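In our numbering, the protein residues as written are 1 to 142.
No lab work stands behind these hints, which were simulated from the structure alone. No experiment lies behind these values; they were computed from the predicted model shown. Note that beta-carbon positions come from the ideal geometry of N, C-alpha and C, so glycine has one too. Treat each hint with caution, since some may be false.
Derived DSS-like pairs: lysine-lysine, alpha-carbon spacing no greater than 30 Å straight-line [stated by the list, open to error]: (1) 105 to 131; (2) 105 to 9; (3) 82 to 32; (4) 82 to 98; (5) 8 to 32; (6) 82 to 105; (7) 9 to 32; (8) 131 to 32; (9) 98 to 133; (10) 131 to 98; (11) 82 to 133; (12) 82 to 131; (13) 9 to 38; (14) 98 to 32; (15) 8 to 38; (16) 65 to 133; (17) 82 to 38; (18) 8 to 105; (19) 32 to 65; (20) 98 to 8; (21) 9 to 133; (22) 65 to 82; (23) 105 to 38; (24) 9 to 131; (25) 38 to 65; (26) 131 to 38.
Using C-beta positions, here's what the derived DEER-type ranges look like [what the hints assert, rightly or not]: (27) 29 to 114: 31 to 39 Å; (28) 29 to 107: 28 to 36 Å; (29) 71 to 131: 17 to 25 Å; (30) 43 to 10: 12 to 20 Å; (31) 125 to 28: 23 to 31 Å; (32) 92 to 72: 35 to 43 Å; (33) 47 to 135: 39 to 47 Å.
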Amino acid sequence: MTVTGKDKKVPAEQLFLDLSIQHVLNPSPGTKFIEPWKGMYVDAIRDARFGDDVWARYHIYGDVKNGIVGGSNNMTLLDVIKEDALSYRVNEPEEYFKALLFYAKTSGADGHADVIEVITNLDEREIAEFKAKEEGELEDEA
């Protein structure tokens with residue numbers, strides 16, 4: 001794979017797709033990206049299949065085994081993505097809403113439309129519960 005003029009030196013999107021194509025293709029020393037996820041990440045960005053892209057991004061370091069994310073208390077990948085989406089919605093709302101606009105341009109050929117749905121369809125109850133949980137954790141630390 002070679003870097004083309006279409007590739008960017010900045011991430012496609014700041015929250016879920018925080019690795020630029022150039023960085024994935026030419027990682028810094030000590031950084032290792034796992035195949036086939038490395039190639040899938042790059043191809044999905046180029047094809048605007050952003051659900052596939054987010055899916056590959058969460059796998060790219062090799063932390064996901066049998067659908068469970070390492071270090072996540074046995075959470076499935078979709079559950080971790082939802083938790084991250086809630087965190088971004090609560091703590092970085094401006095970036096989260098920019099991400100929603102970005103993901104609205106996802107290709108119809110996306111094989112993981114479920115990922116985009118998890119990111120974009122947060123209900124008010126989930127947001128309120130997440131806020132309460134975070135506030136409770138902050139009080140416990142004080």
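These are the hints, each one checked on the structure:
1. 105 to 131: Since the Cα atoms of residue 105 and residue 131 sit roughly 29 Å apart, the hinted pair holds (cutoff 30 Å).
2. 105 to 9: Answer holds: residue 105 to residue 9 is near 20 Å, not above 30 Å.
3. 82 to 32: It holds: about 25 Å lies between the C-alpha atoms, which stays within 30 Å.
4. 82 to 98: Satisfied, since the Cα-Cα distance of roughly 17 Å is no more than 30 Å.
5. 8 to 32: holds (20 Å)
6. 82 to 105: At roughly 20 Å apart (the allowed maximum being 30 Å), residue 105 and residue 82 satisfy the hint.
7. 9 to 32: holds (18 Å)
8. 131 to 32: The hint is violated at about 34 Å.
9. 98 to 133: Given that 30 Å is the threshold and the Cα spacing comes to 25 Å, the pair holds.
10. 131 to 98: holds (20 Å)
11. 82 to 133: holds (15 Å)
12. 82 to 131: holds (14 Å)
13. 9 to 38: Roughly 16 Å separates the two Cα atoms, so the pair holds.
14. 98 to 32: At roughly 29 Å apart (the allowed maximum being 30 Å), residue 32 and residue 98 satisfy the hint.
15. 8 to 38: holds (16 Å)
16. 65 to 133: holds (27 Å)
17. 82 to 38: holds (22 Å)
18. 8 to 105: Given that 30 Å is the threshold and the Cα spacing comes to 17 Å, the pair holds.
19. 32 to 65: OK: residue 32 and residue 65 at ~17 Å, within 30 Å.
20. 98 to 8: holds (18 Å)
21. 9 to 133: violated (36 Å)
22. 65 to 82: This hinted pair holds, its Cα atoms lying about 18 Å apart.
23. 105 to 38: OK: residue 105 and residue 38 at ~22 Å, within 30 Å.
24. 9 to 131: Measuring from Cα to Cα gives roughly 34 Å; hence the hint is violated.
25. 38 to 65: holds (16 Å)
26. 131 to 38: Answer violated: residue 131 to residue 38 is near 34 Å, above 30 Å.
27. 29 to 114: 31 to 39 Å: Since residue 29 and residue 114 have Cβ atoms about 36 Å apart, the given range 31 to 39 Å holds.
28. 29 to 107: 28 to 36 Å: holds (34 Å)
29. 71 to 131: 17 to 25 Å: Holds - the Cβ-Cβ distance for residue 71 and residue 131, about 23 Å, lies within 17 to 25 Å.
30. 43 to 10: 12 to 20 Å: holds (18 Å)
31. 125 to 28: 23 to 31 Å: violated (41 Å)
32. 92 to 72: 35 to 43 Å: violated (20 Å)
33. 47 to 135: 39 to 47 Å: holds (40 Å)
Of the numbered hints given earlier, the model fails hints 8, 21, 24, 26, 31 and 32; all others are met.
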